[in-house]
Every structure is written in C-alpha cells, then in structure tokens.
Amino acid sequence: MNTNNPLNKVANDLVITMEYTLKVDGEIVDQAGAEDPIEFLQGQNQIITGLEKALYGMAVGETKTITVTPEEGYGAVDPEALMEVSRADFPADIPLELGTELTLAGGEDEEDEEYEELDARIVKIDRDTITLDLNHPMAGKTLVFDVKIAGIREATPEELEHGHVHGAEGFEYDEWEEDEEEDK
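Residue numbers for the sequence shown, in my numbering: 9 to 192.
Derived by calculation from the structure, the hints in this document are not laboratory data. Do not rely on the hints blindly, as some may be mistaken.
In the DSS-like style, the derived pairs of lysine-lysine whose C-alpha atoms are separated by at most 27 Å in a straight line are [what the hints assert, rightly or not]:
#1 61 - 156
#2 31 - 149
#3 61 - 72
#4 31 - 61
#5 31 - 17
#6 72 - 156
#7 17 - 132
#8 17 - 156
#9 72 - 149
#10 72 - 132
#11 17 - 72
#12 132 - 61
#13 132 - 149
#14 61 - 149
Make the full structure from the sequences, and use the hints.
Here it is in structure tokens:
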C-alpha cells in the first residue's frame with residue numbers, strides 16, 4: 009500500500025487509467041479515448057520509459073503533451089536487426105508485399121529454453137531473398153503523446169504481487185495466468 013500518496017497524484021504501484029493520442033510525424037498512429045482508456049501499474053515498466061517518467065506527479069483530470077525520444081521509447085533503429093530469408097524457404101501462404109507483418113515462431117535451443125516470438129516486416133524483396141526487419145515499427149521515431157489521467161486507484165495486493173493490473177481493458181493477464189497454471 010502506498011501511504012505517501014492520497015491517490016491524487018501518479019506514483020509507483022498505483023493503477024493509472026489514462027486516455028491518450030499518439031502522434032508520429034504529426035500523424036495519429038494510436039489512441040485510447042474515454043470509452044477505451046488503458047490501465048497500467050505505474051513504475052512496473054508496462055508502458056515505455058519516457059512516457060512513464062513524464063506521468064509522475066500528474067493528477068486525475070490533468071492533461072499534458074509528452075514528447076518521447078527514441079532512446080526512451082522503442083529505441084534506435086538497429087541495422088543488425090535485418091534478416092535475409094531464402095525465397096525458397098519463405099512460407100507460400102504469406103503475401104510477398106513490402107510492409108507485410110508476420111510473427112516468427114520461437115524455438116528451443118540445446119538446453120530446451122524457449123525463445124520469444126519475434127515480430128517482423130518485409131522490407132525488401134529480391135529474386136532469391138526476402139529481407140525482414142525485426143526492429144519495432146516505432147524504433148527511431150520521436151513519439152508525441154497527448155495524455156489525460158482519467159483515474160488513479162490503489163493496486164490490490166494481488167496486482168502488486170503479480171506486477172500488473174487485473175481485469176483491465178485490453179489486457180488478458182488473467183487468462184494468461186490460468187493457461188500457465190494449466191501447463192504446470
């Protein structure tokens with residue numbers, strides 16, 4: 009329980025309900041309005057670093073424009089995050105078009121450790137190879153958020169223990185935890 013905060017200012021370990029509009033190069037690329045705000049546990053790295061830092065101290069109803077640099081957003085573009093795949097090995101059911109997004113399935117290494125799935129986009133199509141970009145689509149971009157703090161509440165002991173909000177719109181944590189329990 010956070011006894012230093014009377015639930016009127018954004019602080020660590022509180023559940024924040026936030027509305028936002030995200031612009032990149034002046035164009036709206038994402039938003040969550042009053043009918044579909046996001047909820048997250050502040051201070052638990054559930055949103056990008058630059059945005060999380062800028063929210064501290066904001067009050068319910070307060071609005072702010074926050075500019076997040078690539079370093080505190082999705083990082084710089086990594087030129088090493090390109091992968092060439094032989095066209096012959098490329099799945100036939102995936103459209104060969106620039107910008108096509110796909111998920112590369114994780115695998116297991118020699119020690120049976122699972123790798124995460126990776127998101128990729130087709131960025132180049134040659135006669136013999138397909139080039140995939142594994143960078144986040146927002147890597148290298150300056151992000152401009154117009155935010156409104158719509159609510160602040162104490163996190164439940166269970167939310168603090170698990171490190172995330174339960175029952176939040178858009179989050180499937182409860183189902184994910186149930187799946188994990190079934191796998192044990």
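- request: Taking the numbered hints from earlier one at a time, note which ones the structure violates and give those numbers from smallest to largest.
  value: 7, 10, 12
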